[in-house]
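Q: Hey, can you work out the whole structure from these sequences and the hints?
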Amino acid sequence: MSESATSPRTVGGQTYTTHPVEARLGPHRFMFPANLYYNQTGPLADGGVMLTVFWPDFDAAPPGDRPVRSTQDSRRQVLVELRYIDRVPIQNYLARRSSSEATSAPGSLERRDPVENLALRVAQPERWGLTPYSIDPSLMEAYAKESEAALGRPYVHNPGMEPDWYVARSAEGQLTTFISCDPADRIPDGLVAQGKTLERVGEGQIAMCRHSIVDVGDSIAIEMNYARVMLSDWQRLETSVRDLLSRYRVQP
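Residues 114 to 365 (this note's numbering) make up the sequence shown, in order.
All the pointers check out, no bait thrown in.
Pair by pair, the computed Cβ-Cβ distance ranges are:
1) GLY139 / ALA257: 33 to 43 Å
2) PRO238 / THR352: 20 to 30 Å
3) GLN204 / GLY308: 32 to 42 Å
4) LYS309 / GLY161: 23 to 33 Å
5) VAL124 / ALA232: 42 to 52 Å
6) ARG355 / ARG137: 15 to 25 Å
7) PRO267 / ARG182: 40 to 50 Å
8) ARG182 / MET144: 23 to 33 Å
9) ALA257 / ASP356: 43 to 53 Å
10) GLN307 / ALA218: 47 to 57 Å
Keep in mind that the hints were calculated from the coordinates and are not lab data. Ideal placement from N, C-alpha and C gives every residue a C-beta, glycine not left out.
A: Structure representation (structure tokens):
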């Protein structure tokens with residue numbers, strides 16, 4: 114990293130550095146560089162831990178970059194939210210993220226929603242090492258009719274709000290990655306990669322993804338948000354983020 118990328122910088126009276134700043138996630142302590150945090154100073158006011166890395170290398174921005182960050186650089190950012198999970202087994206976190214189990218009762222209409230339940234979606238050919246899961250049209254039609262009968266009003270079908278889902282599994286079949294993106298057939302990427310920049314294409318919205326993984330050993334849920342144009346680099350991103358957790362974890 115160049116000297117300019119690590120040197121302290123004062124912007125608007127605030128001095129930004131790469132000095133280690135403590136973050137606590139349950140019983141675990143981390144000493145992340147200040148510039149790696151979302152605000153480039155440390156944990157959020159409520160103690161929440163949000164980091165920011167940037168495509169294509171998935172490293173931190175130089176100190177003091179955030180207040181003066183360009184629109185072009187903002188397109189490259191990946192927001193990384195870290196949360197300690199202790200109320201439910203961390204091994205079940207991704208299964209709950211990919212179903213309506215956490216927000217609905219057994220046997221309820223919501224449990225039969227083919228949009229919100231991975232078990233009701235249809236696996237498609239692998240792409241970038243991920244398995245896409247599409248919505249089953251026949252189940253969608255049946256769910257719409259059941260919803261209308263139960264609620265007494267027409268079911269509003271909005272394909273633009275029905276996300277594309279991608280998953281990766283371990284050799285044992287356990288979910289290891291769950292990614293939900295704006296639907297590709299309705300919302301174009303809005304960006305194109307040119308070298309190490311992401312250039313704007315068209316005037317519509319920029320398609321986004323929410324990417325979920327877990328650190329089973331430390332019971333930490335990792336949620337990442339980024340422009341969908343970066344999706345093919347999902348494995349490099351996961352490796353980079355896991356490396357950050359390992360590198361800056363304070364051993365007890």
